[in-house]
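Protein chains in written order, with UniProt numbering: chain C, 1 to 763; chain X, 1 to 158.
The set of hints was computed from the structure by calculation and includes no laboratory data. Glycine included, each C-beta is placed from N, C-alpha and C at the ideal position. Some clues are possibly wrong.
Selected chain C positions facing chain X (in silico; Cβ < 7 Å) [as the list claims (entries may be wrong)]: (1) G21; (2) R25; (3) N281.
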Amino acid sequence: MTMTPAKVPRELDSPLDGGVGESRRRPDGTLKVTGEFAYSSDLWLEGMLWGVTLRSPHPRARIRSIDVSEALAHPGVEAVLTHEDVPGFKFYGLEHKDQPVLAIDQVRYQGEPVALVAADHPEVARRAAAKIKVDYEVLTPITDARRAAFDPDCEKVHEDGNVVRHQPVIFGGDVAEARAGADVIVSETFEVGIQDQAFLGPESGLAVPGEDGGVDLYVATQWMHSDLWQIAPCLGLPEEKVRMTMAGVGGAFGGREDLSMQIHAAMLAMRTGKPVKIVYNREESFFGHVHRHPARMRYEYGATRDGKLVFAEAEIILDGGAYASSTPNVVGNAASLGVGPYKIPSIRVDAYGVYTNNPPCGAMRGFGAVQACFAYESMMDRMAAALGLDPVTFRQINAAHPGDALATGQVLEHMAPLAEMLGRLKAMPMPPERDAAGHDLRELPGGVSNTTHGEGVRRGVGYGVGIKNICFSEGFDDYSTARVRLSIIGGEPTVLVHTSAAEVGQGLVTLKAQIARSELGVRRVTIAPADNQVGSAGSSSASRQSYMTGGAVKVACEAVRERMFKLFEERLGRPPASLAEAVEHLPEVLGDEVIDETREFHHHRTERMDPVTGQANSHTQLAICVHRAVVDVDVELGLVKVVELAAVQDVGKIMNPLSLEGQIHGGTAQGLGLALMEEIVVADGKVRNPSFTDYLIPTILDMPPMRLDILEYADPRAPYGLRGAGEPPTLSSTPAIVAAIRDASGLALTRVPVRPEHIAGSS
Amino acid sequence: MAKINVNVDGVGHEEEVEPRLLLVHFLRDRLGKVGTPVGCDTGNCGACTISMNGKSVKSCSVLAVQADGAHLVTVEGLASNGDRHPLQKAFHEEHGLQCGYCTPGMLMAALDLLKENPDPAEEDIRAGLEGNLCRCTGYVNIVRAVQRAAREMAGERP
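With the rest of the complex left out, here is chain X (with noise of 0.2 Å):
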């Protein structure tokens, strides 16, 4: 077993894990953080990215033990202040979603990819977000939500 610390969505954690133990399997069955889905255990589908010191990480391919010292950030540390980030709203208004399952992965990678380029044409959002598969939307709608959050983001209308 291995102390690791990490700090999860704002909340700092000091527990003893197995050093196998997945960053995602730690997330959900340690520490009850579900939000974050698994959705093919072999870092395909990004369902389960989360945000590790302000970078994209699929949490099915990086051990909780890699994580000891890290900031985390999952969907459910998204909000601020109980405002819902321009794009968790984004994707809700312009139903870049359907069953959801792949939104935690989709928002967090999004994020990522926003920090990158605040301002990115169609084709950086889809070179963007290559590696998180949706199997619902067709990805239309999304690509339009992130342009949303964008926008909003840079403090336009949306």
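In isolation and in its complexed conformation, chain C is listed as follows (with noise of 0.2 Å):
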């Protein structure tokens, strides 16, 4: 008999009703709000053993031994596994099967993987992980991104080469000419620091071993089915002897996308025979997943005198760490999107991704899109002051509209002008004055610690625009899997809706109960808990699944629709005046009978870019978000306070105005974080503030209220014309705010996030 854990994720009853357009309350609210609801961390069984991971101190290293003998012996322990132990494929990765599940011979990063143990207590496996002993020859770590990538002499991270990719992008005429022909020419290098998901629930998950030699994973993931995809190679199982089940999910913002302790601790559970828990904590999931890359960014704008830009020339150096991930997607983004939603005769970018010993890094919301979109903002207020235009002038000048190509030559269509965006944008009224008499302290940079009373603060304003690629890119066949079950359950009609798509907070389960309300005309809606028995639904990220389960769900939906019209024509002679009649007469239409259906839903085929031009139709869809910073600066104690954040975004159709507004709310507060505060410091390859107490993110009292403008220009070629939302206000808010600050400092500010001595000068 298989076991069940305790706190395992159960149907969820949507209310009663509302469809699609509507401020529908989550149907995971009640338990969220109750604590009931079941995370990741909160699984248990009877009898289970505690999983914990031995990770690497050093950022590079040879590993010449390891021995576990004296953790072997250490009363409560159950088994202690390496590298030898890994059941099948030693290796896995997204995109590159580079990454091995337990270090072997030598370790790439600080805190790569090297052993397991699995105890009855997790104080007891811990306690014996520390007596295993390996013994490593430590070496220097290659850390410099920029060298690895073009010095020949420099060692390598990985036998084949340090570049994972290199994409360059070339559009229309020659830079060299174009230059010639430019007024006025400005350049500028700029980085951007690793930021951190720091989503809040730790990685966590359970192990059970089965009785045919498989094993049930309960974990909290992105993508389900990738998971499988990489896990049961890696075990030496079949997909089917690997049976998930997706547990509670306390955020995820890309961090999810990698595993994590996903084969560790079915490696444990299927060599001891018993259920395995692995909980990491804060400070190991600071070493448990991948983060957004840091970048190192060159660029070079040229304009006419009347303020047309004529050329664009950028070199951008994304440093992807020890393992690939999702460098390679990271890199095309970068690189397609690197000069933004500008209408520009001469562009060529060349996007680099670099292995390094360095923290690995891969997704994180925008990716890609977030760093260019830092440099080339930048760039556009650095042009507009040179040129003497106001920066929003200067961006609607050049604005690209539907009908004109991007860099990649790829043409926006139905998506909202950018430069009435901006219009609109500007036109929002500005919060007060800051009260210089009288003022309370609260409203002040550096708030109730009393830093100022003002002397030192000075207002700025800054404005920001992204665009990033929705769904999957590059001629990848995305797709999602919806089923849905339509029966008569104590004489009302019920729809079942079952995907194995990750809720990780953006409100999907919400969303998949309107479209069956609004699809079937049925009030009664229940959201099946995540799993594999059900085809792949793709990722929850890339601000896709709206699109892609949204669209599954609902051709799904019609597929029951036309069999339950079918149905009543068949019994009654007739076919249904209306949807509301066909639902009314089905409990004596349907009776004991079920309709069930699956279907997969695929979005249009996008292109490979060309490996020389990068020239291609390679995105699905794109969003546009363009946010204005209202921020107060003590130029003296370099403190900021923002003090408001306008925005206006396209998202093609409102599918649920509330939960919209608290994607962008939270992109725009992410953006703000990356901004203002958060980076994960690297000195020689080594973490230096693993933990929330030096690892900032905002608070309440950083992140103003907002003011936002939501704008619906559908999209015809997706599922009610919307367009992914969740993304594109985490790329706009950062050079917002760092415009705003420039706006009221004179200071130039080139690397985010921008610290207190970039402001005041002390470094």
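Could you use the hints to bring the two separately framed chains together as a complex?
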């Protein structure tokens, strides 16, 4: 008999009304406000063991030997495993299978998993892990991404070279010729620090050995099938023997797209024959997932005196750290969107993703596009200033509009004109001026720390524009699967929606119910827990689930509706006059029968980028958000208070107003974090601040109120005309805030996060 | 080992605990009260906030032995007689949560805040919830939710 743990996800009842377009409440909301929602850290089985991971303290070292004998002899320990115990293929990875399940002969980053321990208590397991003797020959880490990419004498992180991907984009006329015709040329080098997803629920999960030699895995992830495709070969199991169930996810933001404890817990469970739970603490979480790529970006722009850009040249170097993860796609985004949604006659972009011994980097909200956005928007401000133009006017002059091509030649279609979005943003009311006399300390930078009474405080205003690709790009056949079942329960028509899509907080569970209700006219909708008993839904990333799983639920509902209408006609001898009539007669028409339909939804095909020119219709859909930031800066102390953020975003169709606003607020806040405080500080390959004491994320005092103007320019190819919305606000809020600080301080500020010492001049 | 007596969500418990055991682990691992999550281990995130003798505390920063004789309320005890607390309803209605991991702590911190100040201005809500991190919402809908709950608790229509 297979054991079922306590605190596994259950079916969610959705509130009884509300279709597409309404601010319906989350079906998981009641559980979440009562403390009953089962997160992966809450999983529990009587008699389960606890697994811990021994990690490398060195960013680069050779492993001479590993001695587990003392750890194995520790009372309470049931297994100690190394790479020799990996039952199947010993490597995994999203794009390249370059990452060992457990280190083999060498380690390439600080925190790389080396060995595993299972014991009857987590503290016993930790103590035993400390008794594993690993003999390291410590090597000098390769930490300079630029050198790793271009210096032929630089050592290699992996045998086949340090450049994971180089993607050029060449558009329009020759850049050298265009440069000769420019009246004004500006150039600058920008840097973006390593940002962490900092989801609040650390990695955790439970593996339960099955009687068939397989394993049941309860994990918090973003894409269950991608996990499965990586896990099964490493365990030496066919996919059907790895049964996966989504446990409650405490936020993701890209950080759960790669595997963390999945294979490790399964190996320990298979070895011991007992359920094994692994829970990372916050410090381990900083080492347990990939981060946002840090970037070094050299840009040069030329323009004519009347304000028209004539060329743009950019070199973008993204440090992917020790393993590839999603670096190839990050490079694709940075290259294709490297100069933003502007019409520029000559463009040359070179984007590189590089291996180093720094922390591995991969997916985080807006990947690739976020880094480039900080650079190209900073360049737009720089050029506007050089030309003596208002930054909004300069952007409006150069804005690419529907019908215009991006750097890859892909033409913008079915979206709001950028110039109009900027006009609306600029016209939004401004927050009140700071009250210089009798001011409230809480309204000043530094707040109640009483660091100023306003003497050195200056107000600044800045604007930012960002463009993000929605869904997977570059020829990937992206799809999602939905199963929809209609039956009569207790005399009432009831719909069950079943997908494997990850609800990570974004509100997909709400949307699935809204779509089912709209398409089938049925009030009672239940959402089944996500598991791999239904086909892949793809990842909860790239702002794609409303489009893709929303689309799959819609087409599955349409198939159910068609059968419902047919049955009606068969039984009553005429077609129903309306959906409402069909639903009204359902109890008699359907009786004990069940209509059960599963459908896949694919988006239209995209193309691979040309390896030499980057030209291609590589993106499924594009989305723009624009931000205005108003800040108060204490220019003497370097403290910043963001007074207000305003945003205009085109979402195609508002599916759930409050839920959408929450996405825009939350995405904006993460951009604010990158602008002002968030960075994993690395020295010689070692992380210096793996805690929430030292890695700061915005508090409720850091994040200001927001003004939103949401536009609906429908995309006819997308379900309901919707446009993915989760990522674009994370792009544009960062450059807007930095532009506002520049406006207040007069400083150049070429690096994010902007630290107090960058403003106060103490560094 | 030390013996402690605590009342958690209306139920008395007498337990032997190690003096170093943190209150949050006592709640989660000994009593099975996993509605109170652990987010950071360092007292920064506030996800584990509960009410101790009517005051909000981060239960990762309190030892179980310090709770001897205390009345504790966790998110699991916030509803009374099956009726969800106005704060619980408001966070649901106003989309004051996404992944929900911070929500138990937010609710318990907001409960204390509204006890001290039943009619808080936006600035008061922000100052009162400064010790609780949320990574999903950008806090705007959390402010709305607390305002809505305050109105309902004052007997106004939400």
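Hinted contact C/G21 with chain X - closest CB pair below 7 Å: violated, 15 Å
Residue hint C/R25, partner chain X, criterion CB-CB below 7 Å: Interface hint status for C/R25: holds (5 Å vs cutoff 7 Å).
Proposed interface contact between C/N281 and chain X, which counts if any beta carbon pair is under 7 Å: OK, holds: C/N281 within 7 Å of chain X, min 5 Å.
Hint 1 from the list above is the single one not met by this structure.
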